[in-house]
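Asks: Since chain A is already given, all that's left is putting chain B on it; use the hints.
Chains A and B are the protein sequences, given in the same order.
Note that the first sequence ends on residue 349 in the working numbering; no numbers are left out.
Note that the second sequence ends on residue 1343 in the working numbering; no numbers are left out.
Simulated from the structure, these hints should not be mistaken for laboratory data.
C-beta atoms are modelled at their ideal positions from N, C-alpha and C, and glycine is treated no differently.
Any given hint might turn out to be false.
[Stated by the list, open to error] Some chain B residues close to chain A (C-beta under 7 angstroms, calculated; not the full set):
| no. | residue |
| --- | --- |
| 1 | Glu-1065 |
| 2 | Ser-1179 |
| 3 | Ala-1239 |
[Stated by the list, open to error] Chain B regions said to be covered by chain A (calculated; three or more residues, Cβ under 8 angstroms):
| no. | stretch |
| --- | --- |
| 4 | 1213-1227 |
| 5 | 1276-1284 |
| 6 | 1288-1294 |
[What the hints assert, rightly or not] Covered stretches of chain A, as calculated for chain B (at least 3 residues, CB under 8 angstroms):
| no. | stretch |
| --- | --- |
| 7 | 160-170 |
| 8 | 188-194 |
| 9 | 225-235 |
| 10 | 256-263 |
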Amino acid sequence: MKTDENPRTSPDGAPLLELDDVRTYFGHGSRRVHAVDGVSLTVGPGETVGLVGESGCGKTTLGRTIMQLERATSGRILFEGQDLAKLRGSRLDRVRPGIQMVFQDPRGSLDPQMRIAEIVGEGIRAVGRPARKARADRVAEIIERVGLSTEYLSRYPHEFSGGQLQRIGIARALIRSPRLVIADEAVSALDVSVQSQILNLLVGLQQDLGVSYIFISHNLSVVEYMSDRVGVMYLGEIVELGTAADIYNRPLMPYTQALLSATPEVVDDSARNDSAQGRRERIVLRGDVPSPLNPPSGCRFRTRCWMAQDICAAEAPELREVEPGHWSACHFSGQHAQGHTNEPAEALS
Amino acid sequence: MAHGDRKLSAPGAEVPGAVVGAPPRELLSVEDLRVHFTTKRGAVRAVDGISFDIQPGGRLGIVGESGSGKTVTAMSIMRLLDTDGMVTGGSIWFRGRDLMQLGEKELRAVRGNDIGLIPQDPMTTLNPLVKVGQQISEALHAHQRIGRAAARERVVELLRQMGMPDPEAQAGAYPHQLSGGMRQRVLIGMALANEPELLVLDEPTTALDATVQAQILSLIRDVQDRTGSAILLISHDVAIISQMCTDVVVMYGGRIMERGATAQIMRNPKHPYTAGLIGSVPTGTRKGTPLTAIPGTVPDPSAMPAGCPFATRCDHVMDRCATAPPYSPLPDGRKIACWLHEN
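Chain A on its own, in the form it takes in the complex (with noise of 0.2 angstroms):
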């Protein structure tokens, strides 16, 4: 057996995040909602891990609980070393900077009564005229970095459009020089012709800055763009985990593989998908997903599966590494048809 089984593949070195079996509940008694359920993850320095899943799987408030906006009800968030569950008040304060938030809404969370350099600058406390003068000069210098004309600065949000106030609230996050930025269906509101221009400053910004990217959305194709790593959540569960090319051409998970197959393309018969594994064939599953507050019992996804047995309802599927890096929840993983993914499996043992 293996002794460690917290998935850590983060690439070199130590981990910046690392996630060790967080749960998130919310209400209390019958009302419980398991929000995020024993999720275990690693962020490598530079790394983007993307989080994919459908409405109510606990990616959005997995986001915010490593973001300390909402508290984790159990489990370790180690943050460059320090546990963030444990601290409080100032000694929380002092870690905060380092991890920075981009949502999905630019409208709706920059305050409109703010002009654009007072929303960007508001991170940085500046007392007295050399610090108010260096304020200013950082919030130029962000500004222009992410593709806005410093001109901009003293106008007021309701002059920008949607990308325009991503590119500001992008800013904003960065002003402080974070580690980690975790983006909450970032581009998700914005029309695809700008969405491509957030990407692609987002991936710039990384490669100058070395900044982590924790990359939330439903949106399968942008994960996979974005990500080194993608984790697919279900019903608060990580239920896959692997790098974006395990995941998206060797999906182990049932689940994962019917978000795949569910994501029309734009050129159905592509090359891709003649390389992957032929064509994939469209699974298109029954129901919807079931509700948090009383999830099925062992596996999460078997009231939807195509594969359930009886073992699926009776014990809940470890995460367990199927094959180097690449991690699946289920009772079946590695030995199905999955073709040539025999001997990581072996190596398990």
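Replies: Below, chain B alone, put in the same frame as chain A:
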């Protein structure tokens, strides 16, 4: 190429690009449609002279970003524009009748009967105080002489065809008791209640999760195969259009930029806007390879540039673009509004 307009939307064409002599009669034919909106900032040309048609049983998609005029086009066909919107020109022929000339009573006979609408948001379209079964039977009673028992049977049958589990019980549910996907099934059932010849779908899956979206798209395809209705599918998502439609109209700034067979346009877009739109979809692009981004943002509809609306964002912009390019056929059957392709 005088018959260039007819090349669109051949039903069931095996090779969509290779359609030659199209059937003589269109189900729906939109000619030079113009819709203006009065806003605080002046008149906005939301739709600025567009023409397209759909054959019986055809599958046409309209793709565009916000402000392109795609939803306004759909609502004009249904004659359901908001009061501040006005059709200022053009005609909408449906089976030989100009919908623009019909009175309210005649329109009601067309809406929901000959043309069914499936709106974007299943949350707000259903009446929250009325059981869904009753809402569907209202649609039946509006257009058919049908007894209550027969209507009830038909409602259950429709819900069953929509893939709703336990349709007898679901007919007695209120909208809030159903999930988003189930509500959308109810709306599709309602739109199909009177077996319309044309289904107008305005972003039918935008509010839904990916796996539910796949269910609904598959249901729409089944329904279309079974009933032979034509569909007009409006979406911001080129991939959905690509999967669902044989033909596509690409709109921007209230005008048609390019239109033709979907397979042809997705593989080989000719208009710089279409190329940018397809290139913006990151599917299959490796990280580190910059995406084809269209610079700038969609111009404010009240400040649309004169001439080609895409000129302010186009890499190929020339002096000529200050005048609107004609909407001309290409040898391969598509039509395009771009000076690059004018000799």
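Asks: Now tell me, hint by hint, if it's right for this structure.
Replies: Taking the hints in turn, this is what the structure says about them:
1. Glu-1065: holds, 4 angstroms
2. Ser-1179: holds, 5 angstroms
3. Ala-1239: Constraint on Ala-1239(B) satisfied, holds at 4 angstroms.
4. 1213-1227: holds (count 5)
5. 1276-1284: Satisfied; 9 residues make the cut.
6. 1288-1294: Check passed, 6 qualifying residues.
7. 160-170: Since 4 is at least three, the answer is holds.
8. 188-194: holds (count 4)
9. 225-235: n = 4 at 8 angstroms, threshold three: holds.
10. 256-263: With 5 residues in contact (Cβ-Cβ under 8 angstroms with chain B), the coverage given for the stretch 256-263 of chain A holds.
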